[in-house]
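These protein sequences, in sequence, are chains S and V. Using this note's numbering, the first residue of the first sequence is number 1, and each one after it goes up by one. Using this note's numbering, the first residue of the second sequence is number 1, and each one after it goes up by one.
None of these hints come from the bench; they were simulated from the model. A portion of the hints provided could be inaccurate.
What the hints assert, rightly or not - Pairs of lysine-lysine, BS3-like flavour, derived with a Cα cap of 27 Å:
| id | chain 1 | residue 1 | chain 2 | residue 2 |
| --- | --- | --- | --- | --- |
| 1 | V | 304 | V | 240 |
| 2 | S | 41 | V | 647 |
| 3 | V | 647 | V | 967 |
| 4 | V | 53 | S | 89 |
| 5 | S | 89 | V | 647 |
| 6 | S | 41 | V | 240 |
| 7 | V | 895 | S | 89 |
| 8 | S | 167 | V | 53 |
What the hints assert, rightly or not - A few chain S residues facing chain V, derived, Cβ under 8 Å:
| id | residue |
| --- | --- |
| 9 | 2 |
| 10 | 4 |
| 11 | 8 |
| 12 | 35 |
| 13 | 45 |
| 14 | 48 |
| 15 | 52 |
| 16 | 65 |
| 17 | 98 |
| 18 | 102 |
| 19 | 149 |
| 20 | 176 |
| 21 | 238 |
To be verified - Which residues of chain V face chain S? A partial, calculated answer using Cβ under 7 Å:
| id | residue |
| --- | --- |
| 22 | 39 |
| 23 | 59 |
| 24 | 877 |
| 25 | 893 |
Glycine included, C-beta positions come from ideal geometry on N, C-alpha and C.
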Amino acid sequence: MHLEYHRPQTLEEALALLGRAEPRTLPLGGGAFLNAAQRPKTLPQEDVAVVDLQALGLDAITPRGNFADLGATARLQDLLQADLPQALKDAAALETTYTRRHLQTVAGTLVAADGMSPFATAMMALDAVLLLQPDDEKLPLGELYPFRFDHLQGKLITKVTVPTQAKLAVETVAPSPLSRPLVVVAVAQWPSGRTRVVLGGWGDAPHLAMDGPEATGAEEAARNAAHDADDYRASAEYRREVAAVLVRRALQALA
Amino acid sequence: MELTLTVNGKRHTIDVSPDTSLLDALRDLGYTSVKHGCDDGTCGACTVLFDGKPAYSCSVLAAQAEGHEIQTVDALGGQQTGWDFTLDLHPLQEAFVEVGAVQCGFCTPAMLLTAKHLLDENPDPTEEEVREALSGVICRCTGYEKPVKAVLLAAARMRGDEEKARKFAAEAMPEVIPVPEVEAYRRVGQPDRKVDALKLVQGKPAFTDDFSLPGMLIAKVLRSPVAHARIKRIDTSKAKALPGVHAVLTWEDLPRVPWSTAGQSDPIPGPLDTFSLDNKVRFVGDRVAFVAAETEEIAEQALKLIEVEYEELPAIVDPEDALKEDAPIIHDEPEYVNFGESDPSKNIAARIRIDIGDVEKGFAEADYIFEGEYEVPRAHQAYSEPHVTITYWDENDRLVVRTSTQVPFHVRRQLAPVLNLPIKKIRVVKPRIGGGFGGKQEVLIEDVAAHLTIATGRPVKYIYTDEEEFIAGRPRHQMKIRLKTGVKKDGTITANEMYALSNTGAYGGHALTVVGNTGHKAMALYVGDGEYRKSPNIRFYADTVYTNTVPTGAYRGYGATQGFFAVERHMEKIARALGMDPIAFRLKNAIRAGEYHPFSLAWNEGRAPSPETIDTNALAEAVAKAKEAVDWDAKYGNPEWHTVPGKPHLRRGIGLAMLMQGTAIAKLDMGGAFIKMNEDGSFNLMVGAADLGTGSDTVLAQMAAEVLGVTLDDIIVTSGDTDFTPFDKGAYASSTTYVSGAAATQAAEQVAERIRARAAAMLNARGDGPEVNPEDITLADRKAIAPDGRAVTLAEIGFNSIHHENQEQIMGAASFMAPASPPPFAIQIAEVTVDTETGQVWVDALTTVADAGVVINPLTASGQVEGGVNQGLGYGTTEDMPYTEDGQPLVRAFKDYHVPLAAEMPRLKTIFVETFEPTHPFGVKSVAEYPLNGVAPAVANAVYDAVEAAVDSGPVTPEKVWRASHKA
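Same shape as in the complex, but just chain V (with noise of 0.2 Å):
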């Protein structure tokens, strides 16, 4: 059908089925600002104003648009001014990239737009209400924090309330106590913007998806319907007849080739379980068929006319199951590589067994046993953008995969013997990524698109629906941990011990190194006082099985997250028990500096161990902050604050975690950098890290100009391309602002050399002054400075060198592997209201305080911390992916798996105890990952003060509490 669409002012009259949703025809005209989410209504990122009113593109049919306007982001700011496409921003673009409200910026337009519509009906509106609109948008990034302050920001300097706005602009930034050594910094440490906001906040086409090719192809996947089987027979004729459809791929057409889809360092840390196809599907949404048409609904048709008959398999989706005598074997293939201790006959992906020091010694030396059992549920990323990749070949005959990943190089690596074609024919580009959270260290899809590519000879893309995200996506391990702790009266612990079963679902990818981050942060934080302290005791046992659900992998935390969430309800009851301060007695046991890492002499990630030591810990210190910043002393044991005023059923509690995390794998994880010099002065940063939102593009350019006597405009960053940068690991373990930051920071000190060597060659040529020595010289103001005050630019320098004196290129290049891993340390205090009757909790504040070494942009390092509050909070309440006996999954969408919304949010506050960290140039560490850690067992420990409901499960529902509560 023909209709003319009227977008920011434009008529466009175009040919749409009536089946035709607003968002495609959005996208095919070019207005590829509004993004393709979740295709039912649900994440928000497909929002427009449609008449003015915000409007989700995908629940729109486009024939429902005629003779109405369309309102897209592009059109929000000012017109583009000659060659600058920046300027002229709207009041809510400029205050989003101020306040960093845009982490990954998948949903920013979405949020612009919907608050561009708040403040048209409403110029001065309270938090509330902005809180309330934004709502319609699912930001996993950022906690909603940064983006509701920007919108309150807008709105009152639209009103020309300068005042107020002084007053939301400080708001967003987070509270840091400093160490001395960054007062002599000019970038670190500042809240500089984000070097890639501009391009995010006017919805330019920077994802993978908004790229296109001619002549390309549609994937889609035929999966399978039942939990567990063999596939009898496939018949594809009737869908390879089908006119558009190019290429229909089974099993009997690939090789096969045992691989790990976990994005992993060579060699993969677990089994090798996984074809691209097999004649066995092993969980509901497991692979059956690819397809490639020249449509997704014609792809969509071929997958109907696909014939499989499936010999069904008794399944198993209870992991104590999978560990019986007579369990079904999940992976029976002749193929399969084992990994350490994995023993597919026994439905074993990954077993370990550490023993620290003598723990039934410590257990006999114990006054009193805990012993206590956890349980923590699976749990989707829940990222805004979907997996997409395009997959093609060039002009070179190399296959380029442009891919939204945070593993580009390992992509490349692990795809090349599936595909049968050497490393070096395969490029893989990392475009901006919506979101990955650990997701995307997955090679989870690139294969499909890549298998399809090859067979048709022509360009494919392959995006994950909403269902595919859910039931085949990767999400966190389901577990069950049993904890035994000895404790002296005085509340010193003996010994600690812990066995965990983890779910790894249908394939091992993560299935040893998640469980094995379970012990090695979870049970190391606490390893006793006195003589314990100098030799703890500590057991950790775990297995990890194969079940007929959906493979798990990594997510943020990763094994961390349910290993604290077991640990601190623990810690918790047995402080309690004692009838001792929950802080003092975990402070007491707590690891301190200068004492070695209990585990690094016994497991690092499936790799050989190596000691490291706790050079720096401020989580006394922190905890002091926390204590004054949430008024504990106050609160807790204190039955007034315990009770609401006139609403008898209702409880106060408060409760608490502590953390430790990692910071990049020791010993294993490296980056690299480049640094070239251009004439104006400029420079070029390339580095192979993958920035999935979280600011690291930025952080990593605030280093180099620290070094280089620069600003952030003088700094281009290129990163994640396997042909143009150099190799980076990846984005995961923490380790971006560590490795890859030093790996930027050596390489930008090689350039500030040859730069210093220049300036003062340029400066004694020029005879009006004394000799300068070039280490004398500071690089500051783009300029390089000389003692005495004469100075040269770079960009004369950078003329100089490239045109007109003993021509050079300046460039550095440096790589950096983790000499340590060295740890964060936080507190993360919960305070919530319980019903008494009806186990319903509401969580007021979440407040987290947190030693995470050298702070180098404390808007991108709170946005980090906020984010993770989100995503622990939705852990600890409300998310969780449970299947049926039979293996069928009954969360299946988005809509069906609640994250926190704006207007839900409780009180966030953010400090950072600053500490140098003396591995690292700039004295970092890690500040991504216990943010989520330690809320869902602060919930509970909270409620437990509020109502002594022991919740030992997650998450923390209300049925939970009112058993709990009943049973008490």
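The following block holds chain S by itself, in its conformation from the complex (with noise of 0.2 Å):
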């Protein structure tokens, strides 16, 4: 349940709502998860207060360099307009429908995604970072699922930044074409060989299996971070299998 509802119209507003200690206050970007008669598990359950995003202009994609700024409240149908990696664009239109992606904030799909994301799958494979307020803090998407929202208390994701000169390439497999999958795979590459392998399909987050120099040894790191991807979807032993399959023919496209 909504407590309050704010639509700020400053950033300093914004933050001076996220900052106070009661009631709980939490953003508000498209509304499709903070907003459903059941919230995602991943999202807090309690009663809040909601701070409406829609008038601070975060929602621009920008390319910058060899990187690409990711508004916050930029929704997922407009990633597939953007200039960003096919792959990217690919997994922003597997995460949900046609009609959910108008909806959808960039933010607001990384901070509720559970393990089944194939964008926050590809957005971790890539190293996406936060960029949080106040402070101009800057967190890797990875380091935000562990404790999500002690992170994230009284502070504002403003963009999501994304490398474009790093390849990437998703691979899934669901029991339908646009089921959530079973085995995500993301795997990205820089030109200097940084290879990172991330793993969704299950769970309450994706999973980094290897940030390396290189290639080698992916499909076993693959392997051993669905060691205990068990639940009633499909056994770890299934996963760890076709992880390996998926994460070999990522690195093909790739190659």
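Take the two lone chains and join them into the complex the hints point to.
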């Protein structure tokens, strides 16, 4: 339930509201998660006040050298039209339906994401960095998930930066083309050879399998990362083997 | 908080709480075209345009919408023009009506708005782009086929591309191979527009929840968090003290009336094992207490204030555990009323033991015995409109129940003892229904609202939440099925045996009849050949057991779905083991016209059986047509076709299933129809039947119009009101076109007879030609026409009969009881691509060729097939409702239950090969259920064809395929 609704006109005003001790106050992007009758388990379940970000102009998608800054309230659908790695756009398209993509924001999707999110998995592989206000704090996405709301208490994500010089491949297996994946593998490779492998498909957040100077050992790393990936949708044994297959395919796609 | 919303260009200043969703605000303002479905942006029925872009209004706060332009479907077309509210439709609305894209209509406004946005941005979209856009709106009725064609058609028309428009309109039509009898028909067989389509494309307030009453209270139900427990103590004092709460009811407040919630004819063919409220809970989600309050928020707060102390009991989740000697007893209440062989002391809700012929002799005569075990999951109907009921006392102190139901007359009869009211004190009104598929063949929530109306004297509305639909709906029965088949070397089946263990969950409403149909339909198709064909050897044993899981109920296919998964997987394996062509093997053993339905002497839904002969069966013709349509011979057994160039990890496969269903329940199902003629030559057709989006109002009107020589414009259909329409058993068992259609036809024939008599008298009174006999008069083109061409219009006859001479109300009334249950037959073929390394399956094409008798309306009939195929695809690939070992449901919301979306549907092809069923005036058989039944086994068989992975449990998930193919 929402106790209060605010639509601040400035970032300072928003931060003041988010910084209150009581009531618990959360930023509201599109509303796809926070307003749902059943909020995702990754979000706080108690009654909250909300700060609607729509007037703050945080929705720009801006190329910046070897990076792109994705405004926190840019919609997933907007990413599909932007100059971004095709695999990232595909992951955004796979994240949810056409209508929800017009509603879901970049930051909202990442904050609410569970382990089955192709977009969060891809963004984590790209080592996306969140810019938090106040204080211009930079937080790698992978560091957000273990203590999601401790990190964000009183803060606001204003943009998310992704490298555009890194190549990205995303591979999934799902019961049907648009159902939530059982296994999603995202592999990002930088010109230096640095390779990040992130797995999804289960749990509360994507899992970093490997971040190394080259791709050697990626398949085994994926198997290891899925060692306890058991849930009612698939077994860990299956996920281990399939993750390795998908990593191999992703690396082939990047080669 | 006060805010201003701009909706369709109008500004509304409203006072709402910060928590109010845009959906609720719009509906409170009267924009009821915006539908309340799942409440978390999965179903998409609440879609509006938000500054021109689609948005789920349930996921947007009203406050977020201030300063933005909101558009609903109300303003999609032009403005109302004088008295005619239906002119000036938007081209999208026109196209949806024209190609039959509207079934239940609940999601139609959302689809239209999404499509409008798409065409605003892209006037010439590809089919893929249309499917992508429509994927934000779930439709379980249409299979998306016709909505997609409608959007393409509208886009073409808006661009002025008439050639493409004609192409898309034609693609919405199925191929029909007609019988000669239909050549003379004018309305029967025509793709007439649905009689209810206009109001639905305009989003008019047609559904239960689109109606409100002053002083209406909101009902909520406290549900059990544990799977099995006694309620030791329940304290409602705090909840009752909450301001705005008008009633809190527990088991202590209600009489203990054992009943069944299964909507079926009297006597209910199942145990009476349910109470409105009880002192024991039997599944997570079972009812504990009812609350009526002034708002939803107060009602929810009141639920939290009810204190309950549970004494937890051991729970049963696996149906095999229910039969163990030391199993806890789920129904130990003394009021339990048995039916048949139900035995609550052993957790048995129903038991069937049927032996036809001499099965052991058949096995002894076989060259091979094939045995197999199969398992099929629970599955939810996933209709878009949740269960919703409004109850109130009318001015005559009669209880009115306005409810989204498939069975209005059963609701009235079954509620009466539970409420301690005589039947005559209850009126049940079925408004438009937003899909049901069997899930609303249940008196599931009407008693809640009614008890609260009785307790408060106030109107009460109760709507299931998304979570209630999944934890306390009535999904399909999970089953474990064993098959044993004796076969000769030449492929002749000598004996066939099935044992089905069916999980009815906590209550057994459909326990007997669902599993009965598992055998009755699926085990009747393959009778054997030669001497075995004359006297088949079939054994069907079944136990339906109680477990501490969600009660299961009716779902399209009704047990046959489960049975055909097992039988069609089994037949495939036998054919392959024998080295026979799987089609030839099946046809060799399939039942044929002129033969007895083997179960007709053994079982009839818990009632007296009677012999039935199969009069019509075009299965062989359907198979030939299907083989041609999919180019079977070029694919099956062709190694080259099975490979995907450049992708060695992919393999193609093709598989099939053959099917038979029934049409109504013989010697039981009955429906009535009234027709009266008006002065202008129009007619009121009043039927008790419940159109739940299937188009039954339309096809019944077509049959009446055929007899009366008019078009559908002259037939005003009223259906499903227990005060104003005759009895009809309701929309289930594939009966309406057959039973209610025959009643409408017979009532129309009575009316036609009176019209002819009056027309003859009027013509003869003119004295301007030879004497005319009534029986020589033809009714056509709104006229009664003599053999010499002289005619009087129906309007002239209407005025003459009502006002001018020998005044009478020309009317007819008839009822029709199903004399038989003629089976439709079908073949479904699936084409798939399988990833050999991951087990992922892509279903590329699904083809259905059916003998459904005469097709009254090819658009509505093919719509039924396409919708059924969509549900079958979900059943075959993604849909399941698993539980933890302690009885906690793992799927609690629509977002966790993936049903096929527009963009992931395969190519669909639908063909009808007609036969003329002699027991019906227009030769119809059923069309609604079989399309769901063959998809899952056809997909599983196609997967086997691709990678030799034998997946014998549904759904066919990537891991099952991966495991089976690695085993192979």
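Status of each hint after checking the structure:
Between residue 304 (chain V) and residue 240 (chain V), the direct Cα distance comes to roughly 11 Å. Compliance with the 27 Å bound is thereby established for this hinted pair. Our distance criterion of 27 Å between C-alpha atoms is broken by residue 41 (chain S) and residue 647 (chain V), whose separation comes to about 39 Å. Our distance criterion of 27 Å between C-alpha atoms is met by residue 647 (chain V) and residue 967 (chain V), whose separation comes to about 22 Å. The straight-line distance between the Cα atoms of residue 53 (chain V) and residue 89 (chain S) is roughly 19 Å, inside the 27 Å bound, and the hint therefore holds.
With a C-alpha separation of about 24 Å, the suggested pair residue 89 (chain S) and residue 647 (chain V) falls inside the 27 Å cut-off, and the hint holds. Distance hint between residue 41 (chain S) and residue 240 (chain V) is unfulfilled; the C-alpha atoms sit about 31 Å from each other, more than 27 Å. Taking the CA atoms of residue 895 (chain V) and residue 89 (chain S), the gap is near 22 Å; set against the 27 Å cutoff, the hint holds. Under the criterion of a C-alpha separation no larger than 27 Å, the hint pairing residue 167 (chain S) with residue 53 (chain V) is inconsistent with the structure, at around 32 Å.
The beta carbon of residue 2 (chain S) is positioned within 8 Å of a beta carbon in chain V (closest approach about 4 Å), and the interface hint is therefore held. Given the 8 Å rule on beta carbons, the hint for residue 4 (chain S) holds: about 5 Å separates it from the nearest Cβ of chain V. For the restraint placing residue 8 (chain S) at the interface with chain V, the shortest Cβ-Cβ distance is roughly 13 Å, beyond the 8 Å limit, so the hint is violated. A least Cβ separation of about 5 Å between residue 35 (chain S) and chain V falls short of the 8 Å threshold, and the interface hint therefore holds.
Among the interface hints, the one on residue 45 (chain S) is violated; its C-beta lies about 13 Å from the nearest C-beta in chain V, farther than the 8 Å criterion. Interface hint at residue 48 (chain S): violated, since its Cβ lies 10 Å from the closest Cβ of chain V, which is beyond the 8 Å cut-off. Interface hint status for residue 52 (chain S): upheld, as the beta-carbon distance to the closest one in chain V is roughly 6 Å, under 8 Å. Taking 8 Å as the C-beta contact cut-off toward chain V, the hint placing residue 65 (chain S) at the interface is violated, the least distance being around 31 Å.
Of the supplied interface hints, the one on residue 98 (chain S) holds, with its beta-carbon coming within about 5 Å of a beta-carbon of chain V, less than 8 Å. Given hint, residue 102 (chain S) at the interface with chain V, holds; its Cβ is 5 Å from that chain's nearest Cβ, closer than 8 Å. Contact between residue 149 (chain S) and chain V, as hinted, is not supported at the beta carbon level, the nearest pair being about 21 Å apart and thus beyond 8 Å. With its C-beta approaching chain V no nearer than about 5 Å, residue 176 (chain S) sits inside the 8 Å limit, and its interface hint holds.
Below 8 Å, beta-carbon pairs count as interface contacts, and residue 238 (chain S) has one with chain V at about 4 Å; its hint therefore holds. Using the Cβ-Cβ criterion of 7 Å, the hint placing residue 39 (chain V) at the interface with chain S is satisfied: the shortest such distance is roughly 4 Å. Below 7 Å, beta-carbon pairs count as interface contacts, and residue 59 (chain V) has one with chain S at about 5 Å; its hint therefore holds. Hint on residue 877 (chain V) holds. Least Cβ distance to chain S is approximately 5 Å, under the 7 Å limit.
At about 5 Å, the closest approach between the beta carbon of residue 893 (chain V) and any beta carbon in chain S falls short of 7 Å, and the interface hint on this residue holds.
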